[in-house]
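Undergrad: Sequence:
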Amino acid sequence: MSIKAEHINYIYGAGTAFEQYALKDVSFEIEDGQFIGLIGHTGSGKSTLIQHLNGLIRATDGVIYYNGENIYQDGYDMKGLRSKVGLVFQYPEHQLFEVDVFSDVCFGPKNQGLPQAEIEKRAKEALTQVGLDEKFWDQSPFELSGGQKRRVAIAGVLAMQPEVLILDEPTAGLDPKGRDEILDEISALHRDKKMTIILVSHSMEDIAQYADRIMVMNHGEKVFDAPPKEVFRHYRELEKIGLAAPQITYIVQNLKEHGVPIADDITTVAEAKAAILSLLGKGERKA
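Residues in the sequence shown are numbered consecutively from 1486, following this note's numbering.
Hints are not guaranteed to be accurate.
Straight-line distance between alpha carbons at most 25 angstroms, and here's what the computed DSS-like set of lysine-lysine pairs gives [what the hints assert, rightly or not]:
1) Lys1564 / Lys1620
2) Lys1679 / Lys1569
3) Lys1620 / Lys1609
4) Lys1606 / Lys1678
5) Lys1634 / Lys1569
6) Lys1678 / Lys1634
7) Lys1564 / Lys1679
8) Lys1725 / Lys1489
9) Lys1509 / Lys1725
10) Lys1679 / Lys1489
11) Lys1609 / Lys1634
12) Lys1609 / Lys1564
13) Lys1489 / Lys1714
14) Lys1634 / Lys1620
15) Lys1595 / Lys1569
Please keep in mind that the hints were generated in silico from the structure rather than gathered at the bench.
The whole structure should be built from the sequences, with the hints applied where relevant.
TA: This is how it looks when you write it as structure tokens:
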């Protein structure tokens, strides 16, 4: 088991007239190697929740365990936790500050007290993993495009060799090509390195394609926690809390309403294509 949260509450303005729950009695377990999609409307508690997982925010009530250890216990190595549970914020400029890209990516492992040779080795590996061409390594990170900044921010976390990678809207504002490249690289980390991934996204298509489990937040509470097919079956309930299912889900439902005998748990275009071709094949054989 990697992460376990038990009855987490987080209250803004606790004890004042402006007291408000940001998280309310949230519990879950995340096993090693899972790819979690975390979704919810703006203000649902997603970003607050993920900042609890590496100790940036401390819960008002409740306990978080990492590999069986209570991260709130006296003497717990919080710095070590943040090396193991890496967080990439939505806006990469919040994490970039060095004079050049390579120095920025070196910062994390340098802060871990590693030898210089190991620091540089990790930085080169991380930048290669995220697909940033070497010609950009000597440039200021602030001269890069939005997609390139995302790559640098992700590389800066990967250089610390985390066991868990949390990404808050890593494709926000990117064009389709940049979005697909970033998500494919994240998927490769999950597949090849067995890394635990927690992806916060507003794109239901991306979540359906990459995640093997979805957690849905609404007004600080966890309302669904299941595989994508099961969650998106509840697309009407999702609509009521300001979300939706992938577009292909609505197309499939429309086909069913018109008498097409197609499965109702399809969540990706690839699945829909296979199902439709299968139906067409059956029709040809009957003819």
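Undergrad: Look at each hint and say if it fits the structure.
TA: Each hint tested on the structure:
no., hint, verdict
1, Lys1564 / Lys1620, "violated, 32 angstroms"
2, Lys1679 / Lys1569, "holds, 14 angstroms"
3, Lys1620 / Lys1609, "holds, 12 angstroms"
4, Lys1606 / Lys1678, "holds, 17 angstroms"
5, Lys1634 / Lys1569, "holds, 22 angstroms"
6, Lys1678 / Lys1634, "holds, 23 angstroms"
7, Lys1564 / Lys1679, "holds, 23 angstroms"
8, Lys1725 / Lys1489, "violated, 29 angstroms"
9, Lys1509 / Lys1725, "holds, 19 angstroms"
10, Lys1679 / Lys1489, "holds, 18 angstroms"
11, Lys1609 / Lys1634, "holds, 16 angstroms"
12, Lys1609 / Lys1564, "holds, 23 angstroms"
13, Lys1489 / Lys1714, "holds, 24 angstroms"
14, Lys1634 / Lys1620, "holds, 14 angstroms"
15, Lys1595 / Lys1569, "holds, 15 angstroms"
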